[in-house]
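Engineer: Letter by letter, the chains look like this.
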Amino acid sequence: MENIVEMRGVTKRFPGVVANDDISLKIRRGEIFALLGENGAGKSTLMSMLFGLYEPDEGEIFIRGERVRITSPTFAAGLSIGMVHQHFRLVENFTIAENIVLGAEPVRRKLGFLPYVDMRAAGAKIAELSRRYGLEVEPEAVIEDVGISIRQRVEILKMLYREAEILIFDEPTAMLAPQEIEYLLQILKNLRESGKTVILITHKLEEIKKTADRCGILSRGKLVGVYDVAETSTDEMASLMVGRELAGEAAPEEHEFGAEVLRVEKLDVIRDRMKKVDGVSFSVREGEIFAVAGVDGNGQTELTDAIAGLLRSSGGAVTLGGEDLTRADVRERMEKGISYVPEDRHGVGLLLDFTLGDNLTMRRYYEEPFSRRGIRDERAIAEYADRLIERYDIRSGRGYSTVVRSMSGGNQQKAIVAREIELDSRLLIFVQPTRGLDIGATRAIHEHILNQRAAGKAILLVSLELEEILALADTIGVMYGGRMNRVAAARELSIDEVGAYMTGVRQ
Amino acid sequence: MDTVIIDGLSFMMPLLCIAVGGIYSERSGVTNLALEGLLGAGAFVGALFVAFFGKLFPETSSAPMYFAMAASVVGGAVYAMLHGLLCVKFRANQVISGVVINILAVALTTFLTREINSGVFQAPSDKIQLGVSPRFDVPGLSKIPVLGAVFKSVYPFQVVILVVIIIAWYALYRTRFGMRLRACGDNPHAVDAAGINVQRTRFLAVMISGALSGLGGISFAYSFSANFSASIYVGAGYLAIAALIFGNWKIVPTVGACLLFGLARSGGYKLVQLLALPSSYSDLIMILPYVVTLLLLIFFSGTNRAPRALGEIYDKGKR
Numbered sequence: 001m002e003n004i005v006e007m008r009g010v011t012k013r014f015p016g017v018v019a020n021d022d023i024s025l026k027i028r029r030g031e032i033f034a035l036l037g038e039n040g041a042g043k044s045t046l047m048s049m050l051f052g053l054y055e056p057d058e059g060e061i062f063i064r065g066e067r068v069r070i071t072s073p074t075f076a077a078g079l080s081i082g083m084v085h086q087h088f089r090l091v092e093n094f095t096i097a098e099n100i101v102l103g104a105e106p107v108r109r110k111l112g113f114l115p116y117v118d119m120r121a122a123g124a125k126i127a128e129l130s131r132r133y134g135l136e137v138e139p140e141a142v143i144e145d146v147g148i149s150i151r152q153r154v155e156i157l158k159m160l161y162r163e164a165e166i167l168i169f170d171e172p173t174a175m176l177a178p179q180e181i182e183y184l185l186q187i188l189k190n191l192r193e194s195g196k197t198v199i200l201i202t203h204k205l206e207e208i209k210k211t212a213d214r215c216g217i218l219s220r221g222k223l224v225g226v227y228d229v230a231e232t233s234t235d236e237m238a239s240l241m242v243g244r245e246l247a248g249e250a251a252p253e254e255h256e257f258g259a260e261v262l263r264v265e266k267l268d269v270i271r272d273r274m275k276k277v278d279g280v281s282f283s284v285r286e287g288e289i290f291a292v293a294g295v296d297g298n299g300q301t302e303l304t305d306a307i308a309g310l311l312r313s314s315g316g317a318v319t320l321g322g323e324d325l326t327r328a329d330v331r332e333r334m335e336k337g338i339s340y341v342p343e344d345r346h347g348v349g350l351l352l353d354f355t356l357g358d359n360l361t362m363r364r365y366y367e368e369p370f371s372r373r374g375i376r377d378e379r380a381i382a383e384y385a386d387r388l389i390e391r392y393d394i395r396s397g398r399g400y401s402t403v404v405r406s407m408s409g410g411n412q413q414k415a416i417v418a419r420e421i422e423l424d425s426r427l428l429i430f431v432q433p434t435r436g437l438d439i440g441a442t443r444a445i446h447e448h449i450l451n452q453r454a455a456g457k458a459i460l461l462v463s464l465e466l467e468e469i470l471a472l473a474d475t476i477g478v479m480y481g482g483r484m485n486r487v488a489a490a491r492e493l494s495i496d497e498v499g500a501y502m503t504g505v506r507q
Numbered sequence: 508m509d510t511v512i513i514d515g516l517s518f519m520m521p522l523l524c525i526a527v528g529g530i531y532s533e534r535s536g537v538t539n540l541a542l543e544g545l546l547g548a549g550a551f552v553g554a555l556f557v558a559f560f561g562k563l564f565p566e567t568s569s570a571p572m573y574f575a576m577a578a579s580v581v582g583g584a585v586y587a588m589l590h591g592l593l594c595v596k597f598r599a600n601q602v603i604s605g606v607v608i609n610i611l612a613v614a615l616t617t618f619l620t621r622e623i624n625s626g627v628f629q630a631p632s633d634k635i636q637l638g639v640s641p642r643f644d645v646p647g648l649s650k651i652p653v654l655g656a657v658f659k660s661v662y663p664f665q666v667v668i669l670v671v672i673i674i675a676w677y678a679l680y681r682t683r684f685g686m687r688l689r690a691c692g693d694n695p696h697a698v699d700a701a702g703i704n705v706q707r708t709r710f711l712a713v714m715i716s717g718a719l720s721g722l723g724g725i726s727f728a729y730s731f732s733a734n735f736s737a738s739i740y741v742g743a744g745y746l747a748i749a750a751l752i753f754g755n756w757k758i759v760p761t762v763g764a765c766l767l768f769g770l771a772r773s774g775g776y777k778l779v780q781l782l783a784l785p786s787s788y789s790d791l792i793m794i795l796p797y798v799v800t801l802l803l804l805i806f807f808s809g810t811n812r813a814p815r816a817l818g819e820i821y822d823k824g825k826r
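Just so you know, the protein sequences line up as chains A and B, in that order. Residue 417 in our numbering sits at position 417 of the first sequence, and the numbers go up by one each step. Residue 510 in our numbering sits at position 3 of the second sequence, and the numbers go up by one each step.
Each hint should be verified, as a subset may be incorrect.
What the hints assert, rightly or not - Which chain A residues stay away from chain B? Per the calculated CB distances, all over 12 Å, these: (1) Thr11; (2) Glu58; (3) Thr74; (4) Ala76; (5) Glu105; (6) Glu140; (7) Lys158; (8) Val226; (9) Glu260; (10) Arg273; (11) Ser281; (12) Ser314; (13) Asn485; (14) Asp496.
What the hints assert, rightly or not - Computed spacing ranges between beta-carbons, pair by pair: (15) A:Phe62 / B:Ala577: 49 to 59 Å; (16) A:Arg108 / B:Glu819: 43 to 53 Å; (17) A:Met362 / B:Arg621: 52 to 62 Å; (18) A:Ser72 / B:Gly638: 52 to 62 Å; (19) A:Arg131 / B:Glu819: 33 to 43 Å; (20) B:Arg598 / A:Glu193: 44 to 54 Å; (21) A:Met362 / B:Leu802: 34 to 44 Å.
Simulated from the structure, these hints should not be mistaken for lab results. All C-beta atoms, glycine included, are put in the ideal place defined by N, C-alpha and C.
Kindly produce the complete structure, drawing on both the sequences and the hints.
Structural biologist: See the structure below:
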């Protein structure tokens, strides 16, 4: 088969890191080529060079056998290369159709002289494309009113509208729900059927197994090799990716719990005039991982936000070690012993434009030794941050002075986890702690959670992924429609049972 | 009642023109506090044209006025390039740039007016005489009771501005350029990814805002003050900003906001007359439009939303 893309000795350096180190690979026309690697392994950087966002420092790129210098996304588009980024680039107050045509607007003239953008013609072409590839969208809907899955379809349609042949997807499933992932993978296959070349950047092995033909594995900026997906097991791929053998995760062993730490009684939370949490009661003991299972949007976030003090509860009580904290503010709860790894990392968890050091000390900046008499002690902050960076393996270009925005998602999350664990709280709340993270980072965070349990901490874990819950939980509570429908020891519940409660089949 | 409507509208149209200029700039993502300076600089260039070439035309001709309007459009656009250069090219802070441009405009035009008057015309003065624009009644329509006042004593510039606003509306909402401009103010990254030059689009938007402000400025000079002097800088630019914010950065609601401000102002003057208050009170009444703005913003600003990327310097590297 013909090689549509070829890279020879491509190297890209950023201040402090070599993102891509002498990478050579060939991608064939009409295949789904997966690019596998941990967060920060250089997958996105490599593909950004193909898309013209960066230019390589060294090396050559060939498209359809011809050497090219891809200087801009426009130039890439001219070579029919399109990319769906992890963070979508959509104009929020525009309709879906307007977003798709932006930059390639069909202009016609009214009465022979008045130029205008012919949205009707655009709409017809979009409708035709959605039919052909099975991408259902409502062209007149405004972007700010539609969800992530639809936005992603718009990004795909944008590429197809421009007749792209080489389609790059940067971790397209990171933010999607399970059924949306299935939908997307089907679309990738549809694209391959119609002769498009698909490059899939991911760290999820099952997706590669399900869709890809071949898989290139990157580790710390270097290409480990290119493998035939049908002939390589997921275990092999995983160990190639992290560059070491991974031990399977140990199933939680039976053990005794200590005294009750968190007690939630008949908690109600109202948000946007809707009762998101409805009379929820449960308790978490020392040495126990209490996992909340449920489909996204059934009140889990509101529940943990209310326990951490970010949302005010409208009824019920929250007590920690017998002390009533229902009316306490966030700082008081933290000082009394609640750590919180929130779902919304960028919105709540981090100050993206502040340094890693500032973020790691964000919960304690006002205490000694980080500040004395109201004056910050930069050296104490730096020393503390360096210790955490080392202990939690947080990778960053410039150590504690790295601006957090420039770090990869996995390392941002490691920073939050490090900060919260180091508070040494009695209760730790983790909401979706491994969403969008690669295997290495996920394992590391699971290990931290298990260590905290071993140290006798009470842990409240919210996850949308059943595997994660089953791997970690001592006790499982299932939420549906704001209620905690079922609470039971993990070993007493089967996956099917949890699934039935999650979806409201059983109540 | 008639005078309230007539004066209200003749104040409203230049204000609207400036506000629409502001909308162009802000919808592209560039904060424009410089409207005040842009309208002044534009009007100054128009006035210069009259000062130098006005005598070439017959006394009664209104041609100089139209040439002055054209000159103001060009002058405003050129002066706005400074804002564009600072904010778009050199990524300066847009608020600071706007304020500096306002201060610079007052200083520069006052200085140049005096220098040119004494140097070229040997008549030391800080004004450039313009004369007052002629006015006309629309036959027929002006006879309608009450609302006929809309068509009475109309300044020609009101008609010019009306046409310009309609073109501006069409360009912003129906053409490719307008679509790209609005996209720049919401998510420049999306625009860049679509292969459109964000900086050029924003620069053009700022120039258009200068052109429209200049047209608004010279219209004020030809109606209220009958000359160009520092008295042109009385806050119309800031009022236009208030109007466009109140109009939610959309042209049609901004028309309503400007109408309200125009009528509040002319109504205030009428009130001073009716109550036979000493003239010193008229200054107090002058703040009426601003008080109205303040009150309305308190009640309505909750639903208003600025362009998402307003004031954000476009930086490709930011995630």
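Engineer: Now tell me, hint by hint, if it's right for this structure.
Structural biologist: Hints, one by one, checked against the model:
{"no.": "1", "hint": "Thr11", "in the structure": "holds, 19 Å"}
{"no.": "2", "hint": "Glu58", "in the structure": "holds, 21 Å"}
{"no.": "3", "hint": "Thr74", "in the structure": "violated, 3 Å"}
{"no.": "4", "hint": "Ala76", "in the structure": "violated, 9 Å"}
{"no.": "5", "hint": "Glu105", "in the structure": "violated, 5 Å"}
{"no.": "6", "hint": "Glu140", "in the structure": "holds, 15 Å"}
{"no.": "7", "hint": "Lys158", "in the structure": "violated, 8 Å"}
{"no.": "8", "hint": "Val226", "in the structure": "holds, 28 Å"}
{"no.": "9", "hint": "Glu260", "in the structure": "holds, 42 Å"}
{"no.": "10", "hint": "Arg273", "in the structure": "holds, 16 Å"}
{"no.": "11", "hint": "Ser281", "in the structure": "holds, 37 Å"}
{"no.": "12", "hint": "Ser314", "in the structure": "holds, 23 Å"}
{"no.": "13", "hint": "Asn485", "in the structure": "holds, 38 Å"}
{"no.": "14", "hint": "Asp496", "in the structure": "holds, 40 Å"}
{"no.": "15", "hint": "A:Phe62 / B:Ala577: 49 to 59 Å", "in the structure": "holds, 54 Å"}
{"no.": "16", "hint": "A:Arg108 / B:Glu819: 43 to 53 Å", "in the structure": "violated, 33 Å"}
{"no.": "17", "hint": "A:Met362 / B:Arg621: 52 to 62 Å", "in the structure": "holds, 57 Å"}
{"no.": "18", "hint": "A:Ser72 / B:Gly638: 52 to 62 Å", "in the structure": "holds, 53 Å"}
{"no.": "19", "hint": "A:Arg131 / B:Glu819: 33 to 43 Å", "in the structure": "holds, 38 Å"}
{"no.": "20", "hint": "B:Arg598 / A:Glu193: 44 to 54 Å", "in the structure": "holds, 46 Å"}
{"no.": "21", "hint": "A:Met362 / B:Leu802: 34 to 44 Å", "in the structure": "holds, 40 Å"}
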